[in-house]
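> Fit chain B to the known structure of chain A by using the hints.
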Amino acid sequence: MRGICTVALLAIVAAPAAAQSVDDATEMLRAGKYQEAAAAFAKVPAGDAEWTTAQRYLVRSLAAVGKYDEAESAARRSTSGSSGAQLWNTLGEVLRLRGKNGEAEQAFARARTAHASDSLTADVNLAILHYDRGDRDEALKEFDRFIDIYNGSGGSSLTTADLTAVAIACRYLGATNPQLFKDALKAFDRAIQEGADTPEGDDARVAVGEMFLEKYNSADAQSSFDEVLRANPSDPRALIGAAKRRLFDGLSGADSLVWRALKVNPSYAPAHVLAAELHLDLEEYADAQRAIDKALQINPASSEALAVRAAVRYLVNDMTGFEAAKRQALVANPRDAELFNTLAELSARVRQYREAADFAKQAVALDAKSWRAFGLLGMNELRLGQIATGKKNLETSFTGDPYNVWIKNTLDLLDTFKNYDEIKTDHFVFMIEKDESALLEPYIAELGEAAYARFSSTYKYTPPPPIRIEVYRSHADFSVRTVGLAGLGALGVSFGTTLAFDSPAAKDAGPFNWGSTVWHELAHTFTLGSTDHRIPRWLSEGLSVYEEHRARPGWGFDVTPAFLDAYRKNKLVPVSRMNDGFMHPAYPEQVMFSYYQASLVCDLIARDYGEAAIQRMLQAYKAGQSTDDVFKGVLKTDLATFDRKFDAYMREKFATALAGLDEFRVKTREARALMQSNQFDAAVAPLERAKALFPQYGGDDSPIWYLAQIYTKRGDTRRAADELKQLAASNETNYAAQIALSTALQKLGDNKGAATALDAAIYINPFDPMIHQTLAELAKAAGDPRMVIRERRAVVALAPVDRPEALYQLAVAYREAGDSASARRAVLRALEDAPNFEKAQTLLLVIHDERTGGKKP
Amino acid sequence: MVIALLTLCAPRSALHAQRTHLLIVSGLGGDPTYTAEFRALGLALADVARKKYAMPDSEVVYLAEEGAKDARISGPSTKVNVEAALARFAKNAAAGDEIVIVLIGHGSGSQEDSKISLPGPDMSARDFAKDLAAFKTQHVGFVNLTSASGDMLPVLSAPNRVIITATKSSFERNESVFVKYFIAALTGDGADVDKDGRVSLLEAYRYAVTETKRYYDDLGRLQTEHAQLDDDGDKKGTAEPDLRVASGADGALARRIFLGGGVYASMAGANDPRLAALYKERFALEGRIDELKKRKSTLSADAYDDALENLLVDLAMKSKEIRAMEGRS
Numbered sequence: 015m016r017g018i019c020t021v022a023l024l025a026i027v028a029a030p031a032a033a034q035s036v037d038d039a040t041e042m043l044r045a046g047k048y049q050e051a052a053a054a055f056a057k058v059p060a061g062d063a064e065w066t067t068a069q070r071y072l073v074r075s076l077a078a079v080g081k082y083d084e085a086e087s088a089a090r091r092s093t094s095g096s097s098g099a100q101l102w103n104t105l106g107e108v109l110r111l112r113g114k115n116g117e118a119e120q121a122f123a124r125a126r127t128a129h130a131s132d133s134l135t136a137d138v139n140l141a142i143l144h145y146d147r148g149d150r151d152e153a154l155k156e157f158d159r160f161i162d163i164y165n166g167s168g169g170s171s172l173t174t175a176d177l178t179a180v181a182i183a184c185r186y187l188g189a190t191n192p193q194l195f196k197d198a199l200k201a202f203d204r205a206i207q208e209g210a211d212t213p214e215g216d217d218a219r220v221a222v223g224e225m226f227l228e229k230y231n232s233a234d235a236q237s238s239f240d241e242v243l244r245a246n247p248s249d250p251r252a253l254i255g256a257a258k259r260r261l262f263d264g265l266s267g268a269d270s271l272v273w274r275a276l277k278v279n280p281s282y283a284p285a286h287v288l289a290a291e292l293h294l295d296l297e298e299y300a301d302a303q304r305a306i307d308k309a310l311q312i313n314p315a316s317s318e319a320l321a322v323r324a325a326v327r328y329l330v331n332d333m334t335g336f337e338a339a340k341r342q343a344l345v346a347n348p349r350d351a352e353l354f355n356t357l358a359e360l361s362a363r364v365r366q367y368r369e370a371a372d373f374a375k376q377a378v379a380l381d382a383k384s385w386r387a388f389g390l391l392g393m394n395e396l397r398l399g400q401i402a403t404g405k406k407n408l409e410t411s412f413t414g415d416p417y418n419v420w421i422k423n424t425l426d427l428l429d430t431f432k433n434y435d436e437i438k439t440d441h442f443v444f445m446i447e448k449d450e451s452a453l454l455e456p457y458i459a460e461l462g463e464a465a466y467a468r469f470s471s472t473y474k475y476t477p478p479p480p481i482r483i484e485v486y487r488s489h490a491d492f493s494v495r496t497v498g499l500a501g502l503g504a505l506g507v508s509f510g511t512t513l514a515f516d517s518p519a520a521k522d523a524g525p526f527n528w529g530s531t532v533w534h535e536l537a538h539t540f541t542l543g544s545t546d547h548r549i550p551r552w553l554s555e556g557l558s559v560y561e562e563h564r565a566r567p568g569w570g571f572d573v574t575p576a577f578l579d580a581y582r583k584n585k586l587v588p589v590s591r592m593n594d595g596f597m598h599p600a601y602p603e604q605v606m607f608s609y610y611q612a613s614l615v616c617d618l619i620a621r622d623y624g625e626a627a628i629q630r631m632l633q634a635y636k637a638g639q640s641t642d643d644v645f646k647g648v649l650k651t652d653l654a655t656f657d658r659k660f661d662a663y664m665r666e667k668f669a670t671a672l673a674g675l676d677e678f679r680v681k682t683r684e685a686r687a688l689m690q691s692n693q694f695d696a697a698v699a700p701l702e703r704a705k706a707l708f709p710q711y712g713g714d715d716s717p718i719w720y721l722a723q724i725y726t727k728r729g730d731t732r733r734a735a736d737e738l739k740q741l742a743a744s745n746e747t748n749y750a751a752q753i754a755l756s757t758a759l760q761k762l763g764d765n766k767g768a769a770t771a772l773d774a775a776i777y778i779n780p781f782d783p784m785i786h787q788t789l790a791e792l793a794k795a796a797g798d799p800r801m802v803i804r805e806r807r808a809v810v811a812l813a814p815v816d817r818p819e820a821l822y823q824l825a826v827a828y829r830e831a832g833d834s835a836s837a838r839r840a841v842l843r844a845l846e847d848a849p850n851f852e853k854a855q856t857l858l859l860v861i862h863d864e865r866t867g868g869k870k871p
Numbered sequence: 011m012v013i014a015l016l017t018l019c020a021p022r023s024a025l026h027a028q029r030t031h032l033l034i035v036s037g038l039g040g041d042p043t044y045t046a047e048f049r050a051l052g053l054a055l056a057d058v059a060r061k062k063y064a065m066p067d068s069e070v071v072y073l074a075e076e077g078a079k080d081a082r083i084s085g086p087s088t089k090v091n092v093e094a095a096l097a098r099f100a101k102n103a104a105a106g107d108e109i110v111i112v113l114i115g116h117g118s119g120s121q122e123d124s125k126i127s128l129p130g131p132d133m134s135a136r137d138f139a140k141d142l143a144a145f146k147t148q149h150v151g152f153v154n155l156t157s158a159s160g161d162m163l164p165v166l167s168a169p170n171r172v173i174i175t176a177t178k179s180s181f182e183r184n185e186s187v188f189v190k191y192f193i194a195a196l197t198g199d200g201a202d203v204d205k206d207g208r209v210s211l212l213e214a215y216r217y218a219v220t221e222t223k224r225y226y227d228d229l230g231r232l233q234t235e236h237a238q239l240d241d242d243g244d245k246k247g248t249a250e251p252d253l254r255v256a257s258g259a260d261g262a263l264a265r266r267i268f269l270g271g272g273v274y275a276s277m278a279g280a281n282d283p284r285l286a287a288l289y290k291e292r293f294a295l296e297g298r299i300d301e302l303k304k305r306k307s308t309l310s311a312d313a314y315d316d317a318l319e320n321l322l323v324d325l326a327m328k329s330k331e332i333r334a335m336e337g338r339s
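Chains as they are written, first to last, in the numbering used here: chain A, 15 to 871; chain B, 11 to 339.
These are calculated hints, taken from the structure and not from any lab test.
Heads up, the beta-carbon is just placed ideally off N, CA and C, and yes, glycines get one too.
Mixed in with the good hints, there may be bad ones.
Said to hold, decoys possible - Okay, the calculated beta carbon distance ranges per label pair:
#1 A/GLN633 with B/ASP228: 36 to 44 angstroms
#2 A/GLN207 with B/LYS245: 54 to 62 angstroms
#3 A/PRO567 with B/LYS245: 55 to 63 angstroms
#4 B/ALA46 with A/SER691: 27 to 35 angstroms
#5 B/GLY337 with A/ASP833: 30 to 38 angstroms
#6 A/ARG665 with B/ASP228: 53 to 61 angstroms
#7 B/GLY130 with A/ASP730: 23 to 31 angstroms
#8 B/ASP41 with A/PRO567: 45 to 53 angstroms
#9 B/PRO42 with A/ARG800: 52 to 60 angstroms
#10 A/MET784 with B/GLY130: 39 to 47 angstroms
#11 B/MET335 with A/ARG800: 38 to 46 angstroms
#12 A/MET784 with B/PRO66: 49 to 57 angstroms
#13 B/MET335 with A/MET784: 36 to 44 angstroms
Stated by the list, open to error - Mimicking EDC-like on lysine to aspartate or glutamate, the simulated pairs with C-alpha atoms at most 16 angstroms apart in a straight line are:
#14 A/LYS853 with B/ASP206
#15 B/LYS330 with A/GLU852
#16 A/LYS448 with A/ASP429
#17 A/LYS583 with A/GLU603
#18 B/LYS223 with A/ASP782
#19 B/LYS303 with A/ASP847
#20 A/LYS761 with A/ASP730
#21 A/LYS438 with A/GLU455
#22 B/LYS304 with A/ASP782
#23 B/LYS306 with A/ASP847
#24 A/LYS448 with A/GLU436
#25 B/LYS328 with A/GLU852
#26 A/LYS659 with A/ASP617
#27 B/LYS330 with B/ASP206
#28 B/LYS303 with B/ASP242
#29 B/LYS89 with B/ASP137
#30 A/LYS432 with A/GLU460
#31 A/LYS196 with A/GLU152
With the rest of the complex left out, here is chain A:
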């Protein structure tokens, strides 16, 4: 009895012990201790009640770290066991990870036939396979069954995995009825609730995160990923989800999450696919190719990977490779609209908008319910200036997918276009809000045409007409036009022949020079166009700033103490990796520094190889060459050597400033303290010293600006003017300095210089009528009737209280320029408001007599 009792007792104790080991192993799995979990699950004996669960989790643990062969073997072994039918779905999922879709389908089918406990998961896996190979109608019918299953069961008898399967099915069905995404969310929520503290619950959390991201809800997506990653920082799928979320929100750090995922599972195909996309963003095509090759090595049937491979081949201009990749993807799924969507999206990310629109059209042709395709098509058409068709396609997209906040914002913005004027010139269409079009149009049109003349000659390229320039008074509207959301840091964007800018009235953008912004973005139009949009980002930005520097004194980014600090601390990116500075900045200022640094690279190339070398580089990029090849072929140097050359250039160009930067700061600080205690005379010496130490610096806290203010205060107009001239040559946004310079020069009798300063000031702030009035008078004195008219028009456009006087002055300006017809119109407008305006009456009588010989018209 005692013996029996002992055995019984042992048995009683042993059962919980086995269960305990499965529980412990499951906790390890959920904590990301995959190796330990796998070892523990492997030890669970075949007769154990938890054996099926242990085998499923064993396979899962092995797959999580990329041991796919072992996972497959374990799954196969298990299927031959007594409860083997319970493992067919697990086997199918492992096979699918390797692209063995035929075998996977058989496995899923066997799970279904055997009525395995996870047969609903097998069902949904089968439907996904069918969907992914293009059997869309069949797949949708299969997904549709899940709604009946859910409703039939009342949801109560469904396991976590079953509920997840229902949710996934609803997510696919969402393409036909967007309301079903809400049902998917409901099922996911229940799955998470039911499966709290289980791996299946974690799966549901990650899956719902992916769905949130698909539906543009990054905050909830991140919460879902975070929740999983808090317990298991090594979950590769959650890490990739989190990486995609960062990309979605335009945040840095996606790359490090990808590398973390790959550290856990070096064979995780989705991580390699995302890595390839990140390389593409940086225009690192060779690296992208290597990453995508790895993905396809792991899973040759990955439709995502096939699409990215096609994109890489396309973007390096390898049309044979592109066609082959495309063919392969379409063989796997003849209705693979996502192939073209991926091509469209990745093309647009490297500024190939026309190609993006073409690809999106092909996606639409393959799948009339690909709302993403309609969205991509519409957005890229807008970037190409095709507003009406773009809007129509966005509306189609939004009807099918009402969750897309970018498209909603963009459609809302398009509805406001009726509040804008469209003004045509020789080469441009300007879209400017009605309230300010009369003011801005003369400047922007003049500037645009001047830029056109300069760039078409420099770059030997004629853009297809017209170039469309949209000017937004609201920075948020500009931001929506550019990226679909508010909050963009930039002031202007060039999509090629469609450009968008902040108007100078967009005060939330801060003080900026809208003239140089126009010039900068138009330079992109030509550098993009002349290379078929193949110019790398860094060079396009560098050339735009370089062109700003050449256009007018002071325009474009310039050197600052912070920039030189970054250089000294080795925090500037090397030339060979300059796109990183724009796309993956390591610190907030790096993007701004990269603009200036890229312009210095262009300076260096022009200095040492001649400006013609820049044009040859552009031609080489147009031919599809990589930056490596371009530097070798055109500049006869490799990138590493050029990095050293640039370093030497920096040390030479900024030798004085680099040597004296610390003393410069000390002296400037000292001077500022003296000025704060009104010891202006005493501040001059340290300011002069600081200026000598860093003569190129003309920021708003520069010694030059302080000296100018002291000399102005002293009444030393000549010296003040000298300092202000120097400042204006390196500062494009100091409005007060331009006004002060103009005033000083007027006092010195230099009316031409004074006019130039006011003209420069207008590109910072065009809204002060007094500035326009003064400039009109200066221009009149200088005999520049064109400028007089422009300035008089500006005064009228600013809706002055005394509008009749402004119109009268405009009429006089027209008449003096010999334009009697415009003079008549202006004086009629003046008298329309003020019929008894004596001066205007006199002018009208003169014009009338000249026009009619004294008779009525």
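Just chain B, lined up with the frame of chain A:
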């Protein structure tokens, strides 16, 4: 009643001997700086009324906090004095005359209790409503340039009244800069945008609105006062009425009320029938120009400009004749 109505609606070309009665009230300053500032504004307005617009002393009443310490001030700005002045205007004013009341100072309260701070009891919107009721056949311009004045507008709004307040509501309590620009408009030359040699209440209002906005913009500050004007009696103010409004909207009456409107009429009615005839022809031309402007949207741009040019040339010629006859050319 019929006669009164006709008088009120008569166009300015009728040349009746219309007079303006001006009451300026500057209230409690609360501190010497404000007291001096309010007095300076009131005096500037009283001076320009008497000198530039040639209003007789009897029609210009200026009541200030400290009373008649200056000969140009009629007395302390107590409620009793304000009401007495208004009662005197009511007694003396003929039908069709213009009563202009300008309040300068600190405001407080809300709705019917919205008031201007005066030495002694304050005066509320309710008080003014009672006093203004006496002006049944006159045009009234009630210009409240105090802080927190906005709530007076709906209380005092009525037909034949122009109500101007420096603020949109009683919540805008900060010191008003609108008052300075409004007085500047009447005392300077910049606000006469239709170049007829006079500044209407509408012109003064628009000038002050524009300059107030510019003031805040230049300082980069949020605007803490938003003036409003109502003259169609609908108890709703308009922030920026159109300077060229012909009728049917806020601004139409304010456009026709001037300080010294009588001066202009008396010019035309000088004892020279030839000059009076010329003025009559000129007013007729102005009327035709107004009519043409109303039809602008129905004409092509060229046809409109041609017609406008014809009329404007005639008007210019007529004005030239008038100037010659008046010895001004």
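> Give a verdict on every hint.
Going through the hints against the structure:
no. : hint                                       : verdict
1   : A/GLN633 with B/ASP228: 36 to 44 angstroms : 51 angstroms, violated
2   : A/GLN207 with B/LYS245: 54 to 62 angstroms : 58 angstroms, holds
3   : A/PRO567 with B/LYS245: 55 to 63 angstroms : 57 angstroms, holds
4   : B/ALA46 with A/SER691: 27 to 35 angstroms  : 33 angstroms, holds
5   : B/GLY337 with A/ASP833: 30 to 38 angstroms : 36 angstroms, holds
6   : A/ARG665 with B/ASP228: 53 to 61 angstroms : 45 angstroms, violated
7   : B/GLY130 with A/ASP730: 23 to 31 angstroms : 58 angstroms, violated
8   : B/ASP41 with A/PRO567: 45 to 53 angstroms  : 51 angstroms, holds
9   : B/PRO42 with A/ARG800: 52 to 60 angstroms  : 55 angstroms, holds
10  : A/MET784 with B/GLY130: 39 to 47 angstroms : 45 angstroms, holds
11  : B/MET335 with A/ARG800: 38 to 46 angstroms : 42 angstroms, holds
12  : A/MET784 with B/PRO66: 49 to 57 angstroms  : 39 angstroms, violated
13  : B/MET335 with A/MET784: 36 to 44 angstroms : 39 angstroms, holds
14  : A/LYS853 with B/ASP206                     : 12 angstroms, holds
15  : B/LYS330 with A/GLU852                     : 9 angstroms, holds
16  : A/LYS448 with A/ASP429                     : 14 angstroms, holds
17  : A/LYS583 with A/GLU603                     : 14 angstroms, holds
18  : B/LYS223 with A/ASP782                     : 13 angstroms, holds
19  : B/LYS303 with A/ASP847                     : 10 angstroms, holds
20  : A/LYS761 with A/ASP730                     : 11 angstroms, holds
21  : A/LYS438 with A/GLU455                     : 10 angstroms, holds
22  : B/LYS304 with A/ASP782                     : 33 angstroms, violated
23  : B/LYS306 with A/ASP847                     : 13 angstroms, holds
24  : A/LYS448 with A/GLU436                     : 9 angstroms, holds
25  : B/LYS328 with A/GLU852                     : 11 angstroms, holds
26  : A/LYS659 with A/ASP617                     : 12 angstroms, holds
27  : B/LYS330 with B/ASP206                     : 14 angstroms, holds
28  : B/LYS303 with B/ASP242                     : 21 angstroms, violated
29  : B/LYS89 with B/ASP137                      : 9 angstroms, holds
30  : A/LYS432 with A/GLU460                     : 24 angstroms, violated
31  : A/LYS196 with A/GLU152                     : 23 angstroms, violated
Hints 1, 6, 7, 12, 22, 28, 30, 31 from the earlier list are contradicted by this structure; the remaining hints agree with it.
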